[in-house]
Structure formats: C-alpha cells, structure tokens
Amino acid sequence: MASLDFTKKISYSNRINHLKNLILSYIVGDESRPSFTISQDVDFNLVEAIIDEDYDRAISILETDDFLKSCSYSQNRLSRAFVFGKLLHLNNSSANFGKLYLSDFISVGYSADYFNIDSILPEGVSEENIVRKEQVAAELGNFVIANYQFNDMAITRSLSSIHPHIVTHTLHEMFKALLEWQWAYYELGNTEEISVWSDQALRSMGLDVRDISTNNVVADLMALPNMYVAQFLTGETNIQMPETDPPVPLSFKFWAARKDIISFYKKECATLYTNLVNLKQNINKLNELE
Amino acid sequence: MSIDLKKKSINNSIQEEFSAMKVLCLKNGYDDNTIKLLLDNQDVDNLIAHLDSDNCLMLKHFPYRYRRGITLWRKAPSNNQHFMHETCNTNITYMDTPVEDLYDRSLYQDRLIGSGFLFSLSNHRVIIEKPDLFAITYTESTDQNMIVDVTSIHPHCITHTVHEMFKLMLEWQWAHHELSSEEPMAIFCNEVLLSIGLDYRNEQSDPVVKGLMQLPEMYVAQFLAGNTVIKPTFHDPEEPLEYKLWASKKNIYSYKRDKYHDLYEACIRIKILENKLSQI
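Read top to bottom, the protein sequences are chains A and B.
For the first sequence, the working numbering begins at 1 and goes up steadily by one.
For the second sequence, the working numbering begins at 1 and goes up steadily by one.
Be aware that one or more of the hints could be misleading.
Just a sample of chain A residues kept apart from chain B, beta carbon distances all over 12 Å, derived [unchecked claim]: (1) S11; (2) F150; (3) N151; (4) S161; (5) T191; (6) E193; (7) M205; (8) D208; (9) N216; (10) M222; (11) Q231; (12) T234; (13) S263; (14) K266; (15) L289.
Simulated DEER-style distance windows between Cβ atoms [stated by the list, open to error]: (16) B:E178 x A:P225: 27 to 35 Å; (17) A:D56 x B:T93: 37 to 45 Å; (18) A:D56 x B:H154: 34 to 42 Å; (19) A:Y265 x B:I196: 23 to 31 Å.
Derived from the structure by calculation, the hints contain no laboratory data.
Idealized CB from N, CA, C, for every residue including glycine.
Using the sequences and the hints given, assemble the complete structure.
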C-alpha cells in the first residue's frame, strides 16, 4: 500500500509539473499558436494569476463574462432559474405543450397537463414581463437546460416548488436533480415523464447514475446536497434548498468544458481552462495523499 | 515549473506590453517627453513618474503630507438644514455628510466650522464617489494643524493619502467581520468597500487587497495593538503597484487627456511583471 501511494504521488507530481508548464506555455506562445495578448486588463489579470501559480484565481477569472460565452452566474441566487425540458421547435410544436420561450425558434416544453407555467405566473403578468434573460445553458440530446433570470424572485421560488421540480438555481444542481430522477427511474421503476426524460437526457451526454462508482463526475454530482427526489425519499415534504450556491465540483467543470457546456469566446481559453481545472484536480489528489 | 519557462513567459508578456504601448503612441500623439521616454529609452520608471507629474495628472499629491487630507464622507439625502448643504458636492438628491453623524455627535462639525478650517482650504476635489453611498475627497490646507486636528477625531475619517484611506477602511471592515464590530464606521466602511469590489477576506486571492493590507497600521490596528494615541507616519508609504493599477481603472487618478490612461496602466503592468521577474 505504501509503495502504491508513493507511485501515485510520483505520478501526480509529474502530471502537475507537465500541466504547469503547459499552462505557462500559453503565455509564451509559439509560431503555431499566438500567446495571450495582454493589451486588455482582463488578460493581464489572468496572466498574473498564472505566473503567481494562483490557479483558483485564474479559473475564477476565466469564469467571468469577459471570457465566458456560456452563462455566468448572476450574484443573486434566487433570481436565477435553470429549467429542464424538451427542446421544441416552434414551427412544429404541439399545442399541448406549455412553453418557456427561448428565442424565435425554440422553446422548452412540457406536457401541458404535467407542468403548466401559466398556472404560476402572477395574474395580469405575461412571461415577457418577468423574464429578464433567456439562454440555453446545455443541450442534452432532445432536451435542453435553459437559464432564466427573473426580476421577481417569487417566480423562481414558485417554479421550483411545483412538481416535478425541474427548476434549480445552478447548473450543477440541475444535473444533480436529473441524476436523482434517473436513479428513481432505475431503482424504483419510476415511469413519470420527468424520470424517463432525465434518463434519456443524461445518457445522451454519457452520464448514468449507475456508474457512480466508476465515473467521478457522477460521483461528485451525487455528493452535492440532496435535491427534490432525495429529500422527498428521506421524508422531507417541505423542500429545503441551500441558501448559497454549493461549490461546483472540479470534475463537473472539466466535463462541462469538454462538452462545451462551459464555453468561451476564445478557443485557447477553453483549452487553458480545462488544463487549469485538471491541474487543480491533480493538486487536490496529491494533497490527499500527503 | 521550469524557471526558464516562467522567465520567458514574463519577458514575453513585457515585450507584448511595449508593443501595445507603441501602437498607442502612434495612435494618440503623446507629448514629446512621453514619446522620448517610451520609444527611445523604454524607461518605465521615469515614464510613470512623468505621467504622475503635473503634465498629465490632475490629481497630484501635494508635497506637504500634513497639509493634505483625504476624507471619507457619507452620502445622505439633501437637507437644507444641514451644515454641509451648501458645499460644492451637494446636488438636489444627495449631499456629503460626516460619518460622525451616524454617532449623533457634532465634534467634527464644531471643529470644521468653529476653527476656521473651511477658510484654510486651498484645493478640494472629489476623488471617488458613489452617488448614493459615499464620497472620498482630497483637500489641501494652508494650515497643517487644521488637518492634524480633525484627523484626531473619532472615528478618524481622514488620512493623508488615498491608499492609506483604503487601508483604514479595510481595517474597519476587518473589525466588522472578525470582531463583530457594530460601530457605524465599521458597518459603513464594509458597505463602501464591497460596493467597489474590495474585501479584506480576499487578501490571499486579490493582489490589490494584499498590497493594501501590507501598508503600515492605521488607526484601528494601532488601537488593537494598545495605542490609544495615534502614532504618526512621517512619510507617505509607497503605493502598492497593484493598487496603483486598480486606482487608475477606478479613475482615481484623473488625466487631463484620457489618452494617457491606457499608457499609464500599461506602464504599471510592466512594473508588476518586472517585479515578478526579479523575484524569480
């Protein structure tokens, strides 16, 4: 066991050094790949963080709107809503589906008798009045996770309290919620629409709750605080959500960046980001051994 | 990590900054001295000193430390009954008021009005403000005793340099969180700092806060160390480079012509990189 740990330490150390040099080479650049320009303040902050080997800071700089093409989290947790549903194209959408419009072309849809957004909108207020920002956070096969920001936080609370509770405040909590529904599909034989959809959506992205012991992304997501299904199964009838965003697992960040769910304006930023996250994961693993 | 690779990356970054600065030079038409320092000498230290000088900088530090006052004010709804209502920074909505108002005291007001302080002012301007929260002003007095006198009044809202003011506010913010201080000044400083993106709790990850926290102890830290009488610092402490860059971005250093802003910040970035290189 001691010798295995020693081998692991050497392996992690080598990987860490390799990744550090790789990351630093982004600043140097070469003939085939230009280095980062630092004519802008934001690039300089990133460069400085890398030179200082402050990788947490470098990662958080890349996760800002200056670099991030995908949605970054607004400060107010309660005004954020990540909504899961079927991806519908409006030109052939069924009248049976309640819709949250994403653009002129697509919307997130649900069976109207299963989940009807109109039933929770305040009287006299239309959807256009309350939705401040609409963006696709992730496409999962025929399904979509949409990111909304509502001016009225009560709307988010209302949406998330209605069965099947497919509204969360962060993307990683959404994946946790979907994994719980997938678990219910396999372990309890649950055949509700949301269970079936969760299973199809997650498997289209290579995620399966049954792989919890072999897939570290699944394992780390399942370690997040209990979402709706898990709370219900433990006897909780009054859903309790954390008041602050749970930390995003590094494995999820790495996976999401590789799947282009976390995406960047500059292509080299995506590579730099995954290398930084990978580096942090290896540093954490080495620290666990020491 | 390879030391050579790190050095190479820093040198590369420095050269890219100089290249970008030359482009700025061609685009903006700087004065002859600036051009000479940049293109002929690539002398960053003298370029920074030149840009800090009267040629380019509207806000120049008055050489006499004790005749300078950097004051923190609290914005309050305009009230024509208040002694501050007639001051230059009052508008129809808000006016600057002493933080002391939150303590229901008037020592500061009495000193300002009663001592002839206002008549001793030779220069006064707003450095940074948020219209509904705070203002920090720069004041010069013909009489150093006036400034030193008001500095001694609790909660000590006056310093002699801008960076010392931010250090003082960080100390008050620290007291608010670490010692649960509910003093109005502690609560107010916390609000002000958070509104401009500064938080002592980020000392390890925010180079600006890190640099400011390394400045000499201000009033709160001195008091906690057992000093009931404030120990004066006789010289202006050096401005941390990261703070200088941040302050420039916040327009604390106003330029006569905006084109110098980008150049100034590029110079600071080069200095920061050169310092990192020298530490390797």
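Cross-check of the supplied hints:
At roughly 18 Å from the closest C-beta of chain B, the C-beta of S11 of chain A stays outside 12 Å, upholding its exclusion from the interface. Here F150 of chain A stays apart from chain B, with its beta-carbon at least about 24 Å from theirs, past the 12 Å limit. Non-interface call for N151 of chain A relative to chain B: holds, since the shortest CB-CB distance, roughly 21 Å, exceeds 12 Å. Distance check on S161 of chain A: its Cβ is at least 31 Å (rounded) from any Cβ of chain B, clearing the 12 Å threshold; non-interface status holds.
Chain B leaves T191 of chain A outside its interface by the beta-carbon criterion, the shortest separation being 48 Å against a cut-off of 12 Å. Every beta carbon of chain B lies more than 12 Å from that of E193 of chain A, the smallest distance being close to 44 Å; the non-interface claim holds. With a cut of 12 Å on Cβ distances, M205 of chain A stays outside the contact zone with chain B, its closest approach being about 32 Å. At the 12 Å boundary, the C-beta of D208 of chain A stays outside the reach of chain B, the nearest C-beta of that chain being 36 Å off.
With a least beta-carbon separation of about 26 Å from chain B, N216 of chain A lies farther than 12 Å from that chain, consistent with its non-interface assignment. Residue-level check passed: M222 of chain A sits 29 Å from the nearest beta carbon of chain B, beyond 12 Å. For Q231 of chain A, the requirement that its beta carbon stay farther than 12 Å from each beta carbon of chain B is met, with the minimum near 31 Å. Annotated as non-interface, T234 of chain A keeps its C-beta farther than 12 Å from every C-beta of chain B; the closest such distance is 34 Å.
A cut-off of 12 Å between C-beta atoms confirms that S263 of chain A is not in contact with chain B; the least separation is 25 Å. The claim that K266 of chain A is not at the interface with chain B holds, since no C-beta of that chain comes within 12 Å of its own (minimum 16 Å). Distance to chain B confirms L289 of chain A as a non-interface residue, since its nearest Cβ pair spans about 20 Å, more than 12 Å. A hinted range of 27 to 35 Å for the beta carbons of E178 of chain B and P225 of chain A is consistent with their spacing of about 28 Å.
Distance hint check: the CB atoms of D56 of chain A and T93 of chain B are about 41 Å apart, consistent with the given range 37 to 45 Å. Checking the proposed 34 to 42 Å range against D56 of chain A and H154 of chain B shows it holds: the Cβ atoms sit about 39 Å from each other. The hinted range of 23 to 31 Å is satisfied by Y265 of chain A and I196 of chain B, whose Cβ atoms lie roughly 27 Å apart.
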